[in-house]
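Residue numbers for the sequence shown follow our numbering, beginning at 215 and rising by one.
The set of hints was computed from the structure by calculation and includes no laboratory data.
Virtual Cβ for every residue (Gly too), placed ideally from N, Cα, C.
Treat the hints with caution; some may be incorrect.
Label pairs and their calculated CB-CB ranges [what the hints assert, rightly or not]:
hint, residue 1, residue 2, range
1, 216, 326, 39 to 49 Å
2, 277, 324, 32 to 42 Å
3, 302, 265, 14 to 24 Å
Once the Cα atoms are required to be at most 27 Å apart in a straight line, the calculated BS3-like pairs of lysine-lysine come out as [as the list claims (entries may be wrong)]:
hint, residue 1, residue 2
4, 267, 302
5, 281, 344
6, 267, 323
7, 294, 281
8, 267, 344
9, 328, 267
10, 267, 281
11, 302, 328
12, 267, 294
13, 347, 281
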Amino acid sequence: MENVGEFVVNHWLLVSAFVVLAYLVMSDSLNRKLSGIIPVGTTQAIQIVNQQKGLFLDIREASEFAKEHIADSVSLPLSKLAEDSSLKDLSQAIILICASGQRSRAAAKQLHSKGFSDVYVLSGGLNTWKEAKLPLFS
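Could you put the whole structure together from the sequences, leaning on the hints where they help?
Right under this line is the structure:
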């Protein structure tokens, strides 16, 4: 421990690379915790809906929802989420679904700021659901 300063000076490039990599690894997990975004897989999402009476909230546009959607999911496009007041139970588990999981992150932040505590994002979105060969309705 007495030679740490000397090591840092002699191997500044190696130490810099370590610091940058450590930041990148830690920032992602820390950002998820602070933003309230909890990614879940298909199996975990089904368990949340069945055991906690969760809700599949599909935030794709209405035309996308009409083509295919998960059974018993509710359609609420991301563009209408901010002014919508149909979601009243702040403690209900909500699993957000979009095509690939990107729009769901923005929706999760909005719901988290409205006071919803159990907000989950289906990792990979509906694409993951299809890859798992789970049923879709149209």
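Going through the hints against the structure:
1. 216 with 326: 39 to 49 Å: Given a distance of about 47 Å, which is inside 39 to 49 Å, the answer is holds.
2. 277 with 324: 32 to 42 Å: violated (21 Å)
3. 302 with 265: 14 to 24 Å: holds (21 Å)
4. 267 with 302: holds (14 Å)
5. 281 with 344: With Cα atoms ~13 Å apart, residue 281 and residue 344 stay inside 27 Å; holds.
6. 267 with 323: The hint holds at about 21 Å.
7. 294 with 281: Cα-Cα ~19 Å, so holds.
8. 267 with 344: holds (22 Å)
9. 328 with 267: Roughly 20 Å separates the two Cα atoms, so the pair holds.
10. 267 with 281: Distance ~25 Å between residue 267 and residue 281 Cα, so the pair holds.
11. 302 with 328: holds (10 Å)
12. 267 with 294: OK: residue 267 and residue 294 at ~24 Å, within 27 Å.
13. 347 with 281: Measuring from Cα to Cα gives roughly 17 Å; hence the hint holds.
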